[in-house]
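> What follows is each chain in one-letter form.
Protein chains: 2
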Amino acid sequence: MADKAQLQEAIKTQGEVVRKLKSEKASKEQIDEEVAKLLQLKAQLGGDEGKHVFVLKTAKGTRDYNPKQMAIREKVFSIIISCFKRHGAETIDTPVFELKETLTGKYGEDSKLIYDLKDQGGELLSLRYDLTVPFARYLALNKITNIKRYHIAKVYRRDNPAMTRGRYREFYQCVNDRRILDGMFAVCGVPDEKFRTICSTVDKLDKMAWEDVKKEMVNEKGLSEDVADRIGEYVSMQGGQDLAERLLQDPKLSQNKQAFAGLTDMKLLFSYLELFQVTDKVVFDLSLARGLDYYTGVIYEAILSQTIPASVSTPAEQNGADEAGVSVGSVAGGGRYDGLVGMFDPKGRKVPCVGVSIGIERIFSIMEQKAETSSEKVRTTETQVLVASAQKNLLEERLKLTSELWNAGIKAEVLYKKNPKLLSQLQHCEETGIPLVAILGEQELKDGVVKLRNVASREEVDVPRADLVDEIKKRTL
Amino acid sequence: MADKAQLQEAIKTQGEVVRKLKSEKASKEQIDEEVAKLLQLKAQLGGDEGKHVFVLKTAKGTRDYNPKQMAIREKVFSIIISCFKRHGAETIDTPVFELKETLTGKYGEDSKLIYDLKDQGGELLSLRYDLTVPFARYLALNKITNIKRYHIAKVYRRDNPAMTRGRYREFYQCVNDRRILDGMFAVCGVPDEKFRTICSTVDKLDKMAWEDVKKEMVNEKGLSEDVADRIGEYVSMQGGQDLAERLLQDPKLSQNKQAFAGLTDMKLLFSYLELFQVTDKVVFDLSLARGLDYYTGVIYEAILSQTIPASVSTPAEQNGADEAGVSVGSVAGGGRYDGLVGMFDPKGRKVPCVGVSIGIERIFSIMEQKAETSSEKVRTTETQVLVASAQKNLLEERLKLTSELWNAGIKAEVLYKKNPKLLSQLQHCEETGIPLVAILGEQELKDGVVKLRNVASREEVDVPRADLVDEIKKRTL
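Residue numbers (the UniProt record's numbering), protein chains in the order written: chain G, 1 to 477; chain U, 1 to 477.
Where chains are identical, the list cannot tell them apart; a pair therefore holds if satisfied intra-copy or between any two copies.
Distance condition first, Cα-Cα at most 30 angstroms in a straight line; then the derived BS3-like pairs of lysine-lysine:
id, residue 1, residue 2
1, K57, K143
2, K22, K100
3, K57, K118
4, K20, K57
5, K207, K112
Rather than coming from a laboratory, the hints here were simulated on the basis of the structure.
Working from the sequences, and respecting the hints, build out all of it.
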């Protein structure tokens, strides 16, 4: 009984937390989370009070997509897919989970974020963490050495990335090369065994100021200040082909085999970018250091930079932008991973690979925000015509006509009510964007016609039933 | 050391198993499975012998899709989606995993097939087992009472369904109603608490003969023979509207409230099917009993029946067909589930639902087999033109023209080699089905033209560079 009293007390306290958040107009996520806690406590109480109490939510870090969001998502996908197809890419698919050992040793410090499946007897499995490692496994398994593929699928990571929304104005790409980074670390005096961990620290430069990154290098990773300062000089460099050429003249860096190979390739890359006329969009940036272990050569990221017009930004927003230096969002990234397939091949045969991963969630979130502020309505269906009636007892006639239209390939809907009002049928069209209504009545049936109404202009015209399909097609090209 | 010797012995034995299967030309799946066991044994041995030894495979019960398979799968999807859109459906998406408790108590005996995620701290999660329960959760969470949605996504079940391939000739749908089944059980004398488990047994009638089903009812589920025989009479009945009317005259059955409601709705359903002119495709079948707990009214399945033409069937195949009675494959199924959303609503508010799930894997497997036996080539890209050259040192010119075509929206490819042979460029087109080649040479560059070649007819014509895009568009409509 003491337990029950404690529980009731906890429920009361938690209830106050929820009420406070609501009164403070806290974010929906925050409120939902506290409500979930409250419901869990109530469920523990059991008995009648716990009856029908569910924690009604999606798993943390996941979300549903409603039809409007799906319409936007599909639009984004269709643009991306059409780009891949324009470049002659094929598509593949792999399972959502892999053998656990397939993912082992591929992600460095990020491995802790992998979702494992419960051991229910049989194989040990993990949800895929990216599409790159399953792709490498696919290549090795099928002995493929040559393919240009795209793969659209979800990946699973046990973290909750903060999704910043905002106005993004500029779009550009950063490029670097793992070998330039490694060469740079070597000539700066970083011990070999610290290359990877220092690389992870450099990777934070997009979110942290150099001073803090340096602190981490010196205090946590044990570099001397001298070494850190030398790194600091390099990672502040940005440029294009000219920078690659200048660094090839750098006596220390160009003596390093790795750096020399990386810089030579960078020069070649920029000569191709010139042919494609995109040098204005691409920056050679020595601070770019993607964290994953499997990259071996060129690495890159696509960045959206946020610019808040002074006229609408609040002091807090300006502060935020200041704090973060340039407030950026990475929407894609990738690089060369020539060693990964060999890790799966029994004989260690290497297959050079290079790829890019697009962070569709962030792009989607930007598109969604755009759609919200735009006056244009997002349609979630493609229905061309609603079959309607103003009179009673015509359900069967409505169904029959709808069936005729479906058989002719017309996208048609009909309300399921027995005797819906004409007004509610028209309202359904307004709400969902259906452009045409095919209206049936006793008179129309007798005359062998259908009254075709344009929802927007409210014009109506009698169309012979035999011509209806053609007329609808003509009007909804 | 004794362990090591044992392991080596086991490896030897397993090696022989693999060799035997290979010599017998066993199925790829079977061989792969035994090879995986062999590799696992070798990995256990460790040391140098175990080095680079991976179990290179996908998780059991899963598969990859290569580009050709994806092209077929996307064709199947586009047909299905266009049907949903024709009927005015919207689409949604939900996460691949749900809170474990969301799935609890929804699947009856099948619950043991749910994949759970490992407890890594935080919430207890399970992979979705179907799309119906997440949909009901979505409706309750978003307080939606009215939606026509389709949802295309994978679901996860811990079993290995045998995938039978074959020639499917006939397509029809079976219909029944949970209430008719329950009413039937009641009037036959099945105790209330055994309805669900007897329902599961009846569900096996598509794979087992009545005699075996009866045995299970009597020996395992404890029904008396009398009761089982009475069920046997009902479940042998098949028909249409006439059968529904006849059973409404059955004095016992029509006295049962549940059965009466079910039969009345069945009559109404057939009157609508008549309007849609599909009564020849639909059979009212009293043996249909879908296993899932959540169905409350009409239930149905879409069946492909396999007919093997006598001329090509082997005795073994004929035997197989005999053994299974009618050899059928269910490719879709569903029903009414009026109680499921209420299970998620804090106040238990009901939302009536009805739906169908299409088993895309089986349909895909049939389509794939069709494509294999057909002479028509499946294209995996949509590339319209390959930019090629017969001469050396034109990589930059090829890249430049390719870039021009991409910018004009043409789907174009270019080989990445510096100086590929014209023959290998033409072969690439033959292999991948690219219909056109745009050939550049010193002379063409001087004349400001491109030689456009039709791969199939081998005809070549000089096209002014400024007209190239239009000419390609015209030829690849």
